[in-house]
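Chemist: Sequence:
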Amino acid sequence: MNAEWTTEHLFYRQVNPNWLSNGQPNSQAFGPMPKDKNLLSVDDSALVSATDAWRHFTQKLGFRSVGTWAVSFAEIKEVQDLKVCSSPLVVPEDTSKNNPAHCHVDFSQVSSKSQKKHKAQLLALKASARGCQYAPIS
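If you're matching positions, the sequence shown starts at 31 in this note's numbering and goes up one per residue.
Hints listed in this document are in silico derivations from the structure and should not be mistaken for laboratory results.
These numbers were taken from a predicted model, which means no experiment stands behind them.
Among the clues, some could well be false.
[Stated by the list, open to error] Cut-off 30 angstroms, straight-line C-alpha distance, at most; resulting in silico cross-link-like pairs (DSSO-like, lysine-lysine):
id, residue 1, residue 2
1, K90, K65
2, K67, K127
3, K113, K65
4, K113, K156
5, K113, K143
6, K67, K90
7, K147, K107
8, K156, K90
9, K146, K113
10, K65, K127
11, K143, K67
12, K90, K127
13, K146, K65
14, K143, K107
15, K107, K146
16, K107, K67
17, K65, K147
18, K143, K156
19, K146, K127
20, K127, K113
21, K147, K67
22, K146, K156
23, K65, K143
24, K113, K90
25, K113, K147
26, K65, K107
27, K156, K67
[Unchecked claim] Computed Cβ-Cβ distance ranges for the label pairs, DEER-style:
id, residue 1, residue 2, range
28, Q145, S51, 19 to 29 angstroms
29, E123, T37, 32 to 42 angstroms
30, S51, E123, 30 to 40 angstroms
31, L77, S144, 28 to 38 angstroms
32, S51, P130, 30 to 40 angstroms
33, P166, S142, 29 to 39 angstroms
34, K67, V120, 17 to 27 angstroms
35, R94, D124, 17 to 27 angstroms
Beta carbons are placed, not taken as given, at the ideal position from N, Cα and C, and that holds for glycine.
Please build the complete structure, drawing on both the sequences and the hints.
Modeler: Here you go:
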């Protein structure tokens, strides 16, 4: 946790097109995949804009995203058993992939798969209520 994060502080999440339901992110968008070892990647809004977070994810890293959604520090804490940690990415062999804004939401204290899905759904609902922060023009 960063001492400068306030309750309103936003964390951006990129949403894969397969993680949308009726145009809104579903629980898959806000829950870590097995390969992620209980860590959900997000970006710190104090260090990057929603647009630049999307560009880095799609253009520098080559992943797919239909847009950038956000959850606040307070919303993450509200869900309980989750914490946010700063975890800047450094890729020495290709510095264009570095991401000083990278953080993760740690789901490791959540014991069951069903509870992880439930908590991810709560985050997805909060992000949906806030609305997409950036979507590329199609």
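Chemist: Of the numbered hints stated previously, which ones are contradicted by the structure, given in increasing order?
Modeler: none
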